[in-house]
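Visitor: These are the residues of each chain, in order.
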Amino acid sequence: MSEVVLTGVVKRYGPVTALAGVDLTVPSGELTAVLGPSGCGKTTLLRCLAGFERLDAGEIRIDGVPVAGADRHRPAHRRRIAVVPQEGALFPHLSVAANVGYGLDRAARRGDRVEEVLTLVGLAGYGDRMPHQLSGGQQQRVAVARALAPRPSVVLLDEPFSALDAGLRAGLRHDVREALRADGATGVLVTHDQGEALSVADRVVVLRAGRVVQCADPTTVYREPADEWVAGFVGDAVLLPAVAEGGAARTVLGSVPLAGAAPSGPVTVLVRPEQVRLTPGPGAVTATVLRHDFHGHDALVGLRLADGTLVTARVLDDPTPMPVGAAVSVTVHGTARAFPATGGATPSDPLRQTAAA
Amino acid sequence: MAVALLPLVYLAVRTAEAGADRIAAELWTERVGLLALRSLGLAAVVTVACVLLGVGAAFLVTRTDLPARRVFAVLAALPLAVPTYIAGFAWVSTVDRLAGFWPAALVLTLCSYPYVFLPVAAALRGADPAQEEVSRSLGRGGWQTFTAVTLRQIRPATAAGALLVALYVLSDFGAVSILRADTFTRAIFVAFDLGFDRTGALVLSSVLVALTVLLLAGETASRRRGARYARLGGARRNAPRLRLGAARWPALAALAGVAALALGLPAVSLARRLAAGVSRPGALAEVLTAAGNSLSISLAGAALTMLLALPLGLLTARAPGPLATVLDRLAYLAHALPGVVIGLSLIFFGITVAYPLYQTRWLLALAYATLFLPLAVGAVAGAAAQSPPALEEVARSLGRGPLAVLRTVTLPLTLPGIGAGAALVFLTGMKELPATLLLRPTGTDTLATELWTATAVGAYAAAAPYAALLVAISALPTWLLVARGGLLDKEDR
Chain A
1 MSEVVLTGVV KRYGPVTALA GVDLTVPSGE LTAVLGPSGC GKTTLLRCLA GFERLDAGEI
61 RIDGVPVAGA DRHRPAHRRR IAVVPQEGAL FPHLSVAANV GYGLDRAARR GDRVEEVLTL
121 VGLAGYGDRM PHQLSGGQQQ RVAVARALAP RPSVVLLDEP FSALDAGLRA GLRHDVREAL
181 RADGATGVLV THDQGEALSV ADRVVVLRAG RVVQCADPTT VYREPADEWV AGFVGDAVLL
241 PAVAEGGAAR TVLGSVPLAG AAPSGPVTVL VRPEQVRLTP GPGAVTATVL RHDFHGHDAL
301 VGLRLADGTL VTARVLDDPT PMPVGAAVSV TVHGTARAFP ATGGATPSDP LRQTAAA
Chain B
1001 MAVALLPLVY LAVRTAEAGA DRIAAELWTE RVGLLALRSL GLAAVVTVAC VLLGVGAAFL
1061 VTRTDLPARR VFAVLAALPL AVPTYIAGFA WVSTVDRLAG FWPAALVLTL CSYPYVFLPV
1121 AAALRGADPA QEEVSRSLGR GGWQTFTAVT LRQIRPATAA GALLVALYVL SDFGAVSILR
1181 ADTFTRAIFV AFDLGFDRTG ALVLSSVLVA LTVLLLAGET ASRRRGARYA RLGGARRNAP
1241 RLRLGAARWP ALAALAGVAA LALGLPAVSL ARRLAAGVSR PGALAEVLTA AGNSLSISLA
1301 GAALTMLLAL PLGLLTARAP GPLATVLDRL AYLAHALPGV VIGLSLIFFG ITVAYPLYQT
1361 RWLLALAYAT LFLPLAVGAV AGAAAQSPPA LEEVARSLGR GPLAVLRTVT LPLTLPGIGA
1421 GAALVFLTGM KELPATLLLR PTGTDTLATE LWTATAVGAY AAAAPYAALL VAISALPTWL
1481 LVARGGLLDK EDR
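Same order as they appear, the protein sequences are chains A and B.
Here this note's numbering is used: position 105 in the first sequence is 105, and no number is missing along the way.
Here this note's numbering is used: position 93 in the second sequence is 1093, and no number is missing along the way.
With the rest of the complex left out, here is chain B (with noise of 0.2 Å):
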């Protein structure tokens, strides 16, 4: 857990050494509080905003007899691959002079939803129809079960969907740079890169952690004590379909209109770069060069976390208790830092006690491992559940050592799992910028700093190959994300 400790650690010793009166200087300005408000505005619009669109899309997709349903179950999902830098560069150079809070909110929204759909799509599909049939055997309409029942089965896949929203939100670095608008991780950049400000960044980096901890505070606190929404046994079955009847065709209309919004625009946009983009000479190998760095780095970047996740996974799931609730919160804690203020401590790091690590490939996949651990356990605690002790006791009871019993029963039971939280944290690694952008060894590029390059001087044609393959790339693991939450299954299991 050092890992998620770092950064934290940095914080506290760097922005101590500035002393109480620059700290104060910089914290009571009317600035900060401007920047303080903006950020969670743009959060608290932009959960919402999800919220609404995440439930809506995965209620149509499992619910309703809508038509192509798995189509877009996929096209709800795909947003996730689209970082949030290509959207917000899509919309500049698609609409002149975009920029303020209302575009980075609905470019944020666009691009964050699937955070909430994936989750709320896979607890509808598990939640027990029993429960509404009762409520509606009581004599309540179908709306007031969706309201009085079904919202709340789904309520943790809700809250867990909108806390990743929110802390996404407060982190961003991308789209409310690329869209001017300014908030507490841009203002951070600014500070560091422009003005080589540290105490600035730093105060400011602080109370963006303030923040957060709130926000993790808010959430644990409302999470109803003792609440457990388990299916009590019986067998699997699906919901009934919900008659969509004349209302299909406005259903169908919003969601193709939020496909198109979220993926359309990026991808005609790109496209249009994209032709007036190939003829620049040696651009392929270059772009190809960028690949290949973008892949190995978020490949060793996933392997890192996974190695470093498994551990606490299995001891969220297998042994849950304060100390592995205080270590699930830290890893939160970490996970909701803007790239800007990992990259900051990690070079910190590398430079006082790891020095060989300095201006290495290691360096940045830890930087990633700090970012992306929560994701992985998450996953990880999923899997282990898949394999229950009970399977692991009567494996042992029928002469199987522990090693042979890992092999044999809990390690093909829980890979997939795995597999799916490593393709997660792969996927966004990919579109990681902030953190990269600080901690690439000099001269190593990779899509999202070229991307970022690129756009930084106006040149929206050479973006545009980078914003491509790293969307085509990232498309990948979110499909096996979808595929996972059995989305795509065949009805008549």
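Next comes chain A alone, as it looks inside the complex (with noise of 0.2 Å):
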């Protein structure tokens, strides 16, 4: 249980600058997920942390005692901070109980901690088996005890999840959070995954190029985007020109009202595809479907306006018919969220470029 300040943390690889100016703050007790694409500096973030790297300039504080900075550097074993892995890294040479209680002194390994954390994540009995009778979800829990077991003050996860396969993803995701809370500890989850980090994460740090573009709870984060890329990076987003003024902004697809403190003028509306709502036949506004991807939960809808804008819906159990070909009448459900116009389309934006493709 312990807070983790990061105050201008820069790191440089020779020419390249990893991390340039870190500002951020672990709250005690919560999962902090950071994310960002790859190459972003999340994993220099977490080796920072951790203590495998130094600082070239700023300062990481635990419960307000400094053990990072530019001249100062506490050794990865005196900072009580536990990694887990991408690959889980199991000591393949000691059980399943010895990895557990690789941490812990010679007095608690006897004790029922390794048991304790094997039961909260879901591996109770475990402890005599090696790490390669193992299943790669199995490693990756046994990876999480052991670095649970020691009570460290933060447990970082490089990206745990993302060698496993998607069905096996989501179940641990949800057991290795609820064994952080269970455990009371502190969490940093690294991953490239936005469906990850808005799921298990209590906030969310967008991490781009070395620098914190927004640091929020989940759905802050993916309804009030600080920017079109963050906006474009944590979702799916369809981007419009639009005018504002008093508060709603008048788009191709009608009149939207604006959440927050609108600005007037030009801007660019970011309308989420769950926003976008289709009725058989022509309306006010009418579109034309181009594509229908089918996805089991819900559908992508592929649409072009009489204008030639493209846009996506997600329409979500609807059994309604929606032909290739088929004109539909659109409207946009709830508020959207405005930026000053920039101009052009966001490069991260997956859904125009596939759609004008």
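If you're looking for bench data, these hints aren't it; they were derived computationally from the structure.
All the given hints hold, so there is nothing to weed out.
Some chain B residues judged to face chain A by a derived CB distance under 7 Å, without partners named:
(1) L1391
(2) S1397
(3) G1401
Backbone N, C-alpha and C fix where the C-beta goes; we use that ideal spot for every residue, glycine too.
With the hints in hand, could you dock these two chains into one complex?
Guide: Pasting the structure below:
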């Protein structure tokens, strides 16, 4: 249970600046997700926290005590920060129990802490197995238990679920969060998977090019992203040019009420595909169905408006047939978010690219 | 690294002392040209033969349904335990008046093809079968897939083995002298031992070093830049075995034939001589003393070598860069120097610099360290890969200090590999002859030197017990190496 505060953390590798002044607070007892595309510096951030790398500038404090700075470096084994690496990295020569007990002192190893954390991750009774006898998911569970066992100040998880298949991932994700919570541990989860970050974390920190772009709870990051790039990175986005006036924006989809303090003048409006509602037949705004991607729980419908604008709608469990080429009427549900107009589409908007292709 | 440089510095200094005229007079003779051609020719012939034999045997043992594969895996590696001079001695004492280039090539091939067999067999076992399956699914037949995919997968292992064989042949002394094939090493030893013609010996040694540099440079240049053969994730899977069908019997016969020539013939020859030799009174005590000396000197050599190899191997594995590469190549250069040259240079070193070491076992141990450092460095570097940095980082993040991490994680994971390296150095030290002949303290005899002395005067019966014991002791580390290559593992893992 500890609060970690990073101030102006800078880390360079030769000419490459991996972290360009990161300010961040990891609240005690919460799970914070550090989210960003590959190469944004999130693994470097984690390695700096753990003590595997030295800082070039800035400071890291744990519970107010400085542990790292430009001329200060508390070595990794004295930081009480445990890591769960991507591939688990279980010690292949030790049994599951010995792996979990690795960070405990002699007396604690004989106590019931090992079995306690194994139970937390759902592997009670697996202590005598060897790592190679476990499946990939079980190995990750052991790695989490091993990190939790010595009750560290912070547990760092470095994309721990990325090597697992989708079905396993969701279950393990949930179990790990519950285990962290049950143990009252402070966690930092590094990931490039926005679904993972939004679904498990109490707070999401979006990192881009070595800087924190946004730090907020998952709902805020999704509903009120800091800029167009974050909007496109954390989820599917429909970005429309518009003119804002008196709390609403005039778009090709009609007038859309804006959330928060709305600017006036030319803006870019963010609408999530699930806000776009469709009804068969022409209406006030009519679009043509271009494609229909069925995903089981929902479907993505690609649309072209009369003026050529491409829009995507997410349709939940709707038995109404919407064949390609059909005309549908389009409305926007709820409020949208406006950004000052920059012109041009954001490069990270996958929907635009696929729709245009 | 001073150890590896010592002989080279010695060579340069002493050769320069002789003066340009004498060097030229020794160098530009028809004999030197012939020696060079014969040495290179022998190296080329033996290397090609070893590659064919080693790759063939490795494929049959690891990828086909050959009967008694695991027996043949051991048999194919076991010639490592037979020193070339024992094999040469066995052939000479079996076939009358056997001598010259081709018999030497035959004996050297039979003794050194395990250097190709062991790494290639390990590579074939580790290679990703998915690549071969993709090749077949794209319409390539079995043979085309073998040449286009499989051979390329094992190329690094084959090249490493072939390099070891070529260096070994260039520096071999035992077989070529028993079979009287005139190569550089034999000429150097003859010049030094009979005529005390140091200048001649030194000039010849320098030419041999130059040949070795050429060989190393050629091997480095032929490595394709950025060529990586890593397995891309995924679980370990064994390749399906090729059904030999009716071809299994010729294949079996071929492997059995090679084993008979490489192991059976020396064994039978030794047994015959042994039966004639035990009657000599007092022989047993002598043999045991020699065995004790062999063991203790080889153990000291192995220990010293591993001590020097540990920092170098870790440097190569953890901080690869220009420095590590240069050090690595230097070590190889010393490995290729004939034991004769190493011996001469260390005598010089002992007399002029480290007199207290002269005439002690430690100087001999140092010679072994110089000769066998690359074998040990390779083993340490390979072992270090068994303990990836991620594991050590996790251990530190769990609150264990650097020393505790070394003791609880790094050492347990790397010791088996380091042990295999030590076994190889020990094995090679047991078999080493020329440096031992030159550097052993006066009156100290090892199995190898006793054997040499006996065969030199034609006392084959007296030589046999030493030879038998030497092969028997050497077989143990060889077995360890085979087991470590995973060749004895059960299939259904």
